[in-house]
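Whenever a hint applies, use it, and build me the whole structure from the sequences.
Residue numbers (this note's numbering), protein chains in the order written: chain A, 205 to 529; chain B, 4 to 338.
Each hint should be verified, as a subset may be incorrect.
[Said to hold, decoys possible] To give a feel for the contact side, a few chain B residues facing chain A, derived at Cβ under 7 Å: (1) H106; (2) F115; (3) M324; (4) Y325; (5) T332.
[Stated by the list, open to error] If you want the footprint, here are the derived chain A segments under chain B, 3+ residues with CB under 8 Å: (6) 261–267; (7) 274–287; (8) 293–301; (9) 304–310; (10) 360–374; (11) 441–453.
If you are wondering where the hints come from, they were derived from the structure by calculation, not from laboratory data. Quantities reported herein were computed from a predicted structural model and do not represent experimental measurements. All C-beta atoms, glycine included, are put in the ideal place defined by N, C-alpha and C.
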Amino acid sequence: MRALRYLQAMNEAYQQEMARDPAIIIVGEDIRSGIRGETRGLLEAFGPERVIDTPISEAGFVGFATGAAMAGLRPIVQFQVASLVYVAFDQLVNQAAKLPLMLGGQVRLPITYTLMVAGSRGGLAGQHSDNPYPYLLHAGFKVVCPSTPREAKGLLVSAIREDDPVVFLAPALVLAQRGEVPEEAYEVPLGVGEVKRAGTDVTVVAVGHLVGEALAVADELAREGISVHVWDPRTLLPLDRDGLCAAARRTGRVVIYDDSNRTCGFAAEISATLAERAFADLRAPVKRVTRADVPLPYSAPLEKAVVPSPDQLARAIRAVLAHSG
Amino acid sequence: MAVGLPRTLAEGLYRRMRLIRRFEEEVAALVDANEIAGVCHEYVGQEAVAAGVCAALRVDDVITSTHRGHGHVIAKGGEVRYMLAELLGRVTGYNRGRGGSMHIADISLGIFGANGIVGAGAPMACGAAYRFKLAGDRRVAVSFFGDGAVNQGVLHEALNLAAIWDLPVVFVCENNLYAITTALRAVSKLEPHQRAAAYGMPGLAVDGMDVEAVYLAAAAAVERARQGGGPTFVECKTYRYVGHYTAERFMKLSYRSEDEIAAWRQRDAIETWGRRLIEAGLWNGEDLAAADQAVEQEIAQAIAFARASPWPESASALDYMYSRTYAGTPAWGAE
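Right, dumping it as structure tokens:
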């Protein structure tokens with residue numbers, strides 16, 4: 205099978221879905237020029253009416269997409285940096301996420317929000333480096349965070365075809381990754397996690413770009429005879445609770461590896477879910493390796509101290525393994 | 004004074020305005036009686052704006068509304084019995100009891116919803132209008148908002164989007180002079196319609212207490228939008244006779260004077276229009292009384308309908324969150 209980069213996989217999903225359904229439009233800043241590549245060629249293929257460059261008006265174009273969806277279109281709204289969602293928070297959280305219920309089911313809002321370069325890519329400091337998914341999960345958005353090119357394409361196709369608002373996070377640190385991607389359009393279903401590596405000693409629940417880091421740590425620890433099971437939820441909401449609990453039961457020891465803030469972050473939800481549903485199968489307290497609860501500092505050593513690291517993960521794995529349960 | 008409008012239109016404007024006024028008066032009583040939960044933002048005094056603007060619209064045109072939205076819903080053809088059922092929290096209400104006063108919507112009538120956040124509906128009107136423009140079906144979106152919204156960022160983003168893309172939107176600013184208790188003159192150097200120039204959009208002001216003037220201005224702006232001429236900003240100078248919301252009656256606030264309120268009441272749009280229908284020979288006193296009586300009957304029936312309607316089932320509280328649900332999503336608060 206041919207290999208594509210993550211951004212190329214996203215581009216192929218955009219191309220194939222927009223060709224399939226003329227109701228799809230894509231809206232955002234600098235979409236037509238395709239500066240990173242994921243929107244390249246859309247203008248030529250689908251024309252300026254469906255491929256729309258907006259002013260820098262995040263709240264305005266999010267509300268625009270809501271109205272367009274209420275009138276029958278299926279908008280894709282692209283944020284050029286994930287933390288730009290904060291600018292549009294009322295229109296996202298108080299409008300799009302709530303209107304289907306508040307209007308008593310009179311409208312569907314088939315909107316896909318793609319949040320590009322999510323998380324830190326280094327050197328961009330506190331306002332361009334967040335993984336804002338805890339806020340969006342709290343608001344009730346369906347959220348996917350694919351860790352590979354294959355899943356990027358399949359989950360983007362599923363997100364676009366879903367009749368509800370779906371947030372798609374494209375982690376900064378996987379965008380250049382290459383991987384095998386089927387040529388035809390296909391869906392990776394929402395709400396289904398995947399075992400990325402089978403192991404017997406410790407289960408690591410990893411999100412986004414941290415899945416790759418967790419696999420590397422697992423390789424390293426395998427040389428010491430530690431067998432790490434790596435599970436990727438892929439969809440953060442709906443969460444594959446059965447898959448999560450099955451992954452936890454496999455080893456009885458769980459480390460959550462997540463690059464959102466510790467307090468009320470995604471790892472907290474995973475941890476609480478395990479406490480409620482898999483307590484009897486756990487042989488050690490769940491450990492979280494997350495981002496620290498501060499804005500990402502600029503200077504490299506400070507940044508390194510704040511984001512979750514493979515060293516921290518390896519230490520946490522050893523610690524849960526050492527716990528006599 | 005003569006009436007320059009066709010007879011059915013002229014009569015319809017009176018009926019709609021009267022229905023809005025009486026609806027709001029009954030709603031206030033139902034809030035006081037605790038039959039309606041929370042508060043309502045009454046449209047009393049501003050009826051000519053909703054009635055005049057919506058009379059210029061087709062049923063398949065779209066409006067976005069505000070927290071003070073009952074008048075817009077009625078004017079766009081909303082049925083008062085489903086509105087009252089919604090206000091009473093009943094499952095027969097427009098939003099099946101999920102929205103209440105600030106969120107009434109009827110998508111089939113192009114009512115994209117009242118909205119609890121000032122200015123929030125404006126970009127949605129642009130999105131709907133974009134769809135209409137792509138489809139080439141000559142539909143128009145109207146965004147209602149108040150003077151308070153003219154200092155809200157998202158409104159300005161929406162004005163700009165409509166202008167740069169020549170969208171068929173009419174922005175209707177209901178300037179009732181106060182954002183809750185804050186006078187417009189204290190928070191804006193310009194009058195609302197003067198802001199339109201910044202976006203390269205025509206902006207005009209009309210007497211919002213004169214339903215004919217509102218209708219004529221709206222009809223021109225709507226027709227311009229329908230023909231591909233782009234958006235227009237129409238400021239309607241109006242006034243709410245009552246407080247910001249039903250609870251204000253008990254607050255003894257002094258941000259405006261009794262004299263000021265009385266002066267605006269002197270120019271009441273409904274009474275004025277009733278007189279003009281009679282002066283123009285379209286109606287006599289009996290016709291007017293009959294129209295008023297029909298409104299009373301409609302409202303009485305609507306209240307009876309709402310009161311007799313069932314409450315929603317508790318087990319349905321998570322319904323409509325998603326088109327497609329998954330195991331455990333959405334989640335209840337307790338398992």
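Hints the structure violates: just list their numbers, smallest first. none
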